[in-house]
Amino acid sequence: MTDWQSAFNEFLSTDPTDVGCDEAMRVLEVYVDLVSTGLDAAERMPGVAAHLKACGPCQGDFTSLLDAVTDTPH
Amino acid sequence: MGDVATEPDIDSAQWLATLRESGPAHDDAVARLHGLLLRVGLRHAHSRAAGTGLGGPELDDLAHQAASDALLSILRRLDSFRGESRFTTWAYKFVILEVSSKIGRHFWQRAETSWDEPDWTQLPAAFGASPEETLAAAEIVGEVQFAVAHHLTEYQREIFVHVVVEGIPLDALVARLGITRGTVYKAVFDARRKIRKHLTETGHLAQKGQHHD
Chain A
1 MTDWQSAFNE
11 FLSTDPTDVG
21 CDEAMRVLEV
31 YVDLVSTGLD
41 AAERMPGVAA
51 HLKACGPCQG
61 DFTSLLDAVT
71 DTPH
Chain B
1001 MGDVATEPDI
1011 DSAQWLATLR
1021 ESGPAHDDAV
1031 ARLHGLLLRV
1041 GLRHAHSRAA
1051 GTGLGGPELD
1061 DLAHQAASDA
1071 LLSILRRLDS
1081 FRGESRFTTW
1091 AYKFVILEVS
1101 SKIGRHFWQR
1111 AETSWDEPDW
1121 TQLPAAFGAS
1131 PEETLAAAEI
1141 VGEVQFAVAH
1151 HLTEYQREIF
1161 VHVVVEGIPL
1171 DALVARLGIT
1181 RGTVYKAVFD
1191 ARRKIRKHLT
1201 ETGHLAQKGQ
1211 HHD
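Residue numbers (my numbering), protein chains in the order written: chain A, 1 to 74; chain B, 1001 to 1213.
Pulled out of the complex, with its shape left as it was, chain A reads as follows (with noise of 0.2 angstroms):
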């Protein structure tokens, strides 16, 4: 297999506990404090992780939420 079929590949598995972007966003700042005091945010909230690893827009959501808390006052 290709490197770009093995991406292709990729992009079509689904994880049937993805929550979706909705779900995923509803909670998305509980998530990010979890993640940002340490605790397992993906072992206590599987459904937000799975979507996230698969759902471009909203990991770069995640990614700057994550970097605002972690370096902007509370």
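Hints were generated in silico from the structure; no laboratory data involved. Errors might be hidden in some of the hints.
Stated by the list, open to error - Here are the computed lysine-lysine pairs in the DSBU-like style, where the Cα-Cα straight-line distance is at most 30 angstroms: (1) B:K1197 x A:K53; (2) A:K53 x B:K1186; (3) B:K1186 x B:K1197; (4) B:K1194 x A:K53.
As the list claims (entries may be wrong) - Computed from the model, here is a short list of chain A residues facing chain B with C-beta under 8 angstroms: (5) A7; (6) L12; (7) T14; (8) T17; (9) M25; (10) D40; (11) A41; (12) E43; (13) Q59.
Said to hold, decoys possible - So the derived label-pair ranges between C-beta atoms look like this: (14) A:E43 x B:P1057: 20 to 26 angstroms; (15) A:D3 x B:S1047: 25 to 31 angstroms; (16) B:L1075 x A:A42: 31 to 37 angstroms.
Note that CB positions come from ideal geometry on N, CA and C, so glycine has one too.
Dock chain B against chain A, hints included.
Only chain B this time, still in chain A's reference frame:
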């Protein structure tokens, strides 16, 4: 998770108290929150702007607008804060989602995407195929087209083509069609699952856990 209100931490309770009262303390808190939202919005805007053609004063202006819009939303929705996170984490989410949405809308000001027949030959290139690999991929691309035509609903077909074949950013499609990000994602998710099933059944893709050289 997300359905039960909990007692906010001390910092969050202080934010809520000062934002709910009136007078100089309220005004100071609003100004301070706006400054924080702007800082977060600017950083997110610059991280999201790659490939959008946005930059400079235009991008900064977008972040300023997002911070102002987010501030208004937060002040209107203070009662919906349930204490499950820090107040600032909850608040920063508003400006991040606002920036993402505004960048999605901006896409159409510069886009050259047409709504005509999609160029399926570019599908492999979207996943990193070289020109030679793209030429050699006609069979699998044909199978994907077959799956799209015969196994997807019309709606799934439309969304899949826009997002995956034409490469329209998800948030741009959200802005164009006036639907949620979740609706677009779900359509692509279901399309991915159906296409994978077809490719597996026709021997073009390995079953999970198998190698396919």
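Of the hints stated earlier, which fail here?
8, 10, 11, 12, 13, 14
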